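6 protein chains.
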Amino acid sequence: MVIDVHGHLTAPDSLYVYKANILSHRGSHGRGKVEISDDEMIAFLNEPTFNTGKSHLELLKEVGTDVQLLSPRPYQMMHAEKPAKVSQWFIEECNNLVAQQCRLFPNVFKGICGLPQSPDASPKNCIPELERCVKGFGFVGCLLNPDPSEATNYDVPGLGDEYWYPLYEKLVELDVPGYIHGAGCRSIRHSYSTHFINEETIAVVALASSRVFKDFPKLKIVCSHGGGAVPYHAGRFQAPSLRR
Amino acid sequence: MVIDVHGHLTAPDSLYVYKANILSHRGSHGRGKVEISDDEMIAFLNEPTFNTGKSHLELLKEVGTDVQLLSPRPYQMMHAEKPAKVSQWFIEECNNLVAQQCRLFPNVFKGICGLPQSPDASPKNCIPELERCVKGFGFVGCLLNPDPSEATNYDVPGLGDEYWYPLYEKLVELDVPGYIHGAGCRSIRHSYSTHFINEETIAVVALASSRVFKDFPKLKIVCSHGGGAVPYHAGRFQAPSLRR
Amino acid sequence: MVIDVHGHLTAPDSLYVYKANILSHRGSHGRGKVEISDDEMIAFLNEPTFNTGKSHLELLKEVGTDVQLLSPRPYQMMHAEKPAKVSQWFIEECNNLVAQQCRLFPNVFKGICGLPQSPDASPKNCIPELERCVKGFGFVGCLLNPDPSEATNYDVPGLGDEYWYPLYEKLVELDVPGYIHGAGCRSIRHSYSTHFINEETIAVVALASSRVFKDFPKLKIVCSHGGGAVPYHAGRFQAPSLRR
Amino acid sequence: MVIDVHGHLTAPDSLYVYKANILSHRGSHGRGKVEISDDEMIAFLNEPTFNTGKSHLELLKEVGTDVQLLSPRPYQMMHAEKPAKVSQWFIEECNNLVAQQCRLFPNVFKGICGLPQSPDASPKNCIPELERCVKGFGFVGCLLNPDPSEATNYDVPGLGDEYWYPLYEKLVELDVPGYIHGAGCRSIRHSYSTHFINEETIAVVALASSRVFKDFPKLKIVCSHGGGAVPYHAGRFQAPSLRR
Amino acid sequence: MVIDVHGHLTAPDSLYVYKANILSHRGSHGRGKVEISDDEMIAFLNEPTFNTGKSHLELLKEVGTDVQLLSPRPYQMMHAEKPAKVSQWFIEECNNLVAQQCRLFPNVFKGICGLPQSPDASPKNCIPELERCVKGFGFVGCLLNPDPSEATNYDVPGLGDEYWYPLYEKLVELDVPGYIHGAGCRSIRHSYSTHFINEETIAVVALASSRVFKDFPKLKIVCSHGGGAVPYHAGRFQAPSLRR
Amino acid sequence: MVIDVHGHLTAPDSLYVYKANILSHRGSHGRGKVEISDDEMIAFLNEPTFNTGKSHLELLKEVGTDVQLLSPRPYQMMHAEKPAKVSQWFIEECNNLVAQQCRLFPNVFKGICGLPQSPDASPKNCIPELERCVKGFGFVGCLLNPDPSEATNYDVPGLGDEYWYPLYEKLVELDVPGYIHGAGCRSIRHSYSTHFINEETIAVVALASSRVFKDFPKLKIVCSHGGGAVPYHAGRFQAPSLRR
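Chains as they are written, first to last, in the working numbering: chain A, 1 to 244; chain B, 245 to 488; chain C, 489 to 732; chain D, 733 to 976; chain E, 977 to 1220; chain F, 1221 to 1464.
Keep in mind that the hints were calculated from the coordinates and are not lab data.
Keep in mind that this is a model prediction, so the values were computed, not measured.
Just so you know, not all the hints are guaranteed correct.
[Claimed, not checked] Result set (BS3-like, lysine-lysine): computed pairs, CA atoms no more than 27 Å apart in a straight line:
no., chain 1, residue 1, chain 2, residue 2
1, A, LYS214, E, LYS1190
2, C, LYS573, D, LYS842
3, C, LYS573, D, LYS946
4, D, LYS867, C, LYS570
5, C, LYS573, E, LYS1190
6, B, LYS326, A, LYS85
7, B, LYS298, A, LYS33
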C-alpha cells in the first residue's frame, strides 16, 4: 500500500475568500465560517485543479497513491499574523475542511492538523486544537512549524528546547506524530520555499543535539522535504570538530 | 440625476483568492493577475450579492441611483502590508476590475482608483497608478487614506502637511478630486469602522487648519462618512479657545 | 437646578510651576507639594480668569450653573510621562486643589478626581487614589481616560476589555460613575482636541459591543463631548453589516 | 572685578506656567509668549527668591559678585522633549528673559543663551538662535549640553566628533565661548545632578583626546562644575596605559 | 602590612584565546575550559608582563605591596554579551585562574570574584558563583558592576534599589564586601575608562541617598577609583538644594 | 595539481589575544597590531595544531594538497559587532597574517581576504580592503558573507539585489572571484554551522533567480559547502510550481 504522508488540502475558493475577509476586518465582523456542502465538496474534488487538467482524486490515482495524509497548506497558515485569532480561525477552518474530506473519503484521506502556533504564545496554546482534531475527527498527526515568527526574528527557541515540551507531552499522550514542516516566510531575503528547507535543517540538528528523545522516548517526529539539508551534509554534522 | 459618489467594488471570488495567495507567497510566485472575462463580469453583476437577494445593478436601480462612482473596498487595501508590492499588486487588480466594470457599464459606473499608499513611502509613489487610472481608464478621482499605517503608529503626517503636496499637485494637474476615506485598522482597540470616522475627523481638522487650500486653490477634496465627527462638533472646533 | 457635570479646575500659577519643576528634576528633588492658603484660593476664584474679564465663580453665575462637578484639566494630566510618579504626583495635587475648592464652596463644587493612569500599569494602580478622593474628600466620580498612552501607541485595550475590570469593580463598590474624557495627545497628526473626540468614539463603541454592562449591571458611565462621533453616526453603527 | 560665569535665570512664575502649558497642548494652541513688563521684572529681581529671604540682586551683592553671566536653568531645558519645537519655544523664551534682565541691569548681567539642541537634529539647527542672541541681544556665549538625549540613549556623538563642527565654526566666527553644562536627565538610575558631572567628565575627555582644538585653534570652551571628575582623576587620564 | 585591594588578574594568553573562541562559536562548541598547569602559572607570574620588563610578582615587591586582592579584569567581563552564558563561562574561568594563583601564592594573593551579572537577569543569578568562590575557594569579596548593560541603556536600577537586595543579603550572610567597580562600555561617546568613574559616581550617590545601609547594617561596600567624582564634588552633593 | 580552495588561517594565539582586547576596550586603546616575526610564523606552521598532532603544513601534505587558498576563519569575523571598526581591525589583521603566510610559503598558499562587511553599511565600504589585499598582497579572491547581520535580523538584501552591485563591479574589475561562505551566527536557534548551510542555500537561490549574471557576465562566484542544500533539492527548485 502506497501512503503519501505529505499531502496538502485542495480547497474551494470560499476558503480563500474567508481568509481575505478576516485579514481585512481583523475580527471585527466576527469569526464567521466556511460552509461547503458535502455535495459541493465531492464535486470539487473531482474537478480539475491547479491547472493540471485533472482532479485531486485523479492525480492520486495516477501516481499510485492509496492513502494520503492531508494537512493544511503550510505557506498559507500565517502564524505570525496579528491578532493571532485571525490565524487561529483560518487554521481551524482548514482543519474542518480536511476533516470533511476525510469523512467523505475515509479510505483515501487521513487528517494531519495545522496548529494555531504563534511567536508570542507558548506551544501550550495549541493543545486544544490538537485534541479537537485527534479526538474529535480522528486525525493521525499534526504539522509542526519550527518558526512561527515566519522569518521575522530569530528568537523562537529551537525544537530541542523545553519551550516545546508541553506539545511533545501531548503528542506522546495522544500517540500521534508531529510532522515538521516550515511555513510562511516574511523575510525579504528569501521565500517560503527556501525557508522550509532551512528551518527543517535547523529543526533536525536542534533535535539531534538535544535531550528531547531521551526525555520523550515515545515521541514520534517526521520531517518533510528530506530532512532539509541534513542528509546531504551528514558528514559535516558528524565531524568531530562540531561535536560538543 | 442621482449620483452616488460612494460606491465600492463588488468583485468575484477570484479577486480574494488572488489576495490570499499573494499574502501567502509574498511575491515569490510572481505578480500574477486576476482574469475575469467580460461575460463572467456581466453575469456576476447581475447575480444576487452580499446576502441581499439582489444584484449590485438591481440594488442601484432600487434605491434610484443613476450613476455610481466605484472605488476599491477601502478596508481590503492593506496599505501597511509588507512588502509593499503585495498591497500595490492587489490595489492595481482592484482598479483593473473597477475599470472593467466601468467599460462594461459606461452609463452606470465611473471609476475612483485606490492608490498604493504606504507608511514607508512618500505619496509621490502613488502618481504612476493615479495617472494610469485617470489617463488610461478615464477614472474621475482617487481614494485618499489619511492613515496608510493602518493604525500601527501615529507618525504619518496629517493631510495639512507638505508630505502630501506631490499628490495634491498631481490631482490639480489631472483636475480630479481626492476622496478622503479611511482604510484598514490593525489596532487592538477598535475596528476599521471607527477608524474610518476618526481618521476623517483628523483629516478635515488637519486640512482646515492648514495652508493646503491657499497653496492649491484648485484642489478638490471630498470627504466620506459625513466628515467624520466634524459637523457634529463644529461649534467646538470653532471655539476661540481652540483657535491658534 | 442646573448641574454642570463637565467643569475643570481653575488653578493658581503655583500648580503649573510645580508641574514644570517635577518635569525638570523628574523626582530627584522629592515629591514636594502645592500649598495655597484658603484665603488665597477664595481670592483666586473671585479674580478674572482665562482672559474673560470674569472670575470662575462669576462665570458660573452668568451662565446659570448652580452646581459644578470639578475635575483636573484632562489635557494637563500627562498619563504617558515617565517616570509615572511625576504624573501621579501632579494628579494628586490637582485632586487636592479640587478638594480644597469643594471644601471652600460646598454648595457650588463637587469633586471628580483624575486617576494616575499609565500605559504601563494595570488600572488597578488607580484604586488607592480613587478611594482617597471618594472616601477622604467625598468626591462623586472620576475621570476615565481611554488612552493613557497619549496617542503614542494603539496597544492599550479598549474599555470593553477585562483589563479595565478592577477599576469598574471599585466604581460599583463605591457607587460613583466613571466619566469618560480623553486626555493628552503626543501624536504629530492631531491635537488633544480631536483626540478627545476620537477616543470617546472608540470608548462608546467598545463599551456598547462588550459584555461590560452585563458583567457590571450597576456600573455608571458618563461620556463627555456628546459621545464623540457616535450619536452623529448612530445609524452607521447600528447597520446590520457592522453587527457581529 | 569679580565675574560669576555660572549664573542661571531667576524667572517669574509665568515662565513655568508657559512651560506647563506648551507641554500639555504640545503646540496645538500655538507658540504663545511670556510677557513680563520691565517694571514687573525689576520688582521681581528685588524680591526674595528661592526661600533665601533675599533677592537675586541682594545675593549677588552679598557674595561680592560684580558681574554675572546669566543663562537659562539647564535642568529645565528639556532638549529631549518631542516635538522639538516645544523645547525650542521654551528656550527662546528663557533667552528672551535673560535678554530683558541684561537690558535692565547692563552693569550686572551679561547673557549666555541656551540652544535648541535635540538628539534628533544636527547642532546646525542651533545656529539661528545663537546668532539671534549674540548679534541681536549682545550675549557673550552659549550653553553647550553634551547630551541632548537627556540620558535616554548613548548615541549622541561626543564633543570631539565632527558632528559638533558646525556649531564650533559659528562660535569661532562670533568669537564667543561655548559653556559646557549638562542638562536634563531622564534615566531612572540617577538625577540631573550626577548627570551634569558625568557628562562634563565625558566632554572634557572627549575634547582632550580629539582634534577639535587643532581644527579650531580659536575655539573657546569653558566647562562648569570644575570639569566634572577630570581634575580629581587627572593622573588616571594621563597614565600611559590609557594613552592611544 | 600593605594590602592592595585593587589588583586584577594577569593571565596567560590562553584565557583570551578561550574568550575569542566562545565569542565566535557562541556556545555551539560547548563550554570548554582554560587549562594552565601549576608549573606554567608559576612561570608565567615570574615572567615580564605588560611591557614593563618586570613580572607581576616583581612589580608587587617593587611598590611594596605585601598582599594583593586579585579580581578579574573588569573591562574584559562583557556583562552585556548575549547569550549571557558566554559572559558567565568567561567570568567563571577568570575566577578559576584567580583561585589558582591564590592557591599557589597564598601569602600574596586573596581572591575577589567577578559575578555573572547581566542586564536581563536579576542579581539573584549571581549567588551560585559568589558562593562557589567564597565557600569553595575562600575568596574575600566580589566585584559589583553598577551597569551590567555596558552603557547600552539607562534602565538598570541604581544600587539603592531593591533590585540588588538578593545580592546584598548574600554578601551579609557570607560576611564579605562588595567591591564597586565599573566594567565594559559599549557607548560611542566614551570609553570604559570614563565609564568606570561615572558609574562609581552614580553608585555612591545612589547608595548614599538610599535605605540600603539601614536595611543591611552589616553590609560592607568598597568603592574603587576614589569614589568616582564624589569626594571632589562632596560639597555639591551636600548642598541643601539637592537634598530631598 | 590539487588545489584546496577552502582553507582557513591557522594563527598563533596572539591574534586571539588581540581580538579579545579590542572587543574589551572597543577601540579606546587605539587600533593596535598583531606582530609575529617571520621566524615565529614559520615555526608556528610547523608545530602541531588543532589537537591533531600534526602541523598545518604536514596536514596539507598528508591529504595531498599542493596549493591551498587561505582565508580568515569565517566564524571569527564578527561582522555584526559594534562599533564596526572593531570587526574591521580584526579582519585586516587576519588578512595581514594570511599575506604573511603567503609571502613565506608562496608555492603553498594563495590569499583570499575577508571583507569588513557590516549590516549597517553598503558593501561599497569593503572596496578599499579588497583592493589593498588584491593589489597590495596579490590575493586571488575574497570571502562573501551573505548575512553580515550574523542572524540578528532578516533585513540584509539577498545576493541577487543591487545592494551588492558595487562589490560585484569591483570583483569584475580586479578579475577575482567572490567566495560565498556564511559567517557568525548570533541566533539562539542554531549555530554558525547550520547558519553556513542555510545562508549558502539562500545565496545560491537568490543569485540563480536574479539578473546578476546578466548584469555582470564576467563575475565569478564560488560557493562553499557544496552549495548549501541546493544540489540535494535541485529538483524542488526547478519544479514549475516554483518558477516565476
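Violated constraints from the hint list, given by number and in increasing order: Violated hints (numbers, rising): 1, 2, 3, 4; every other hint is consistent with the structure.
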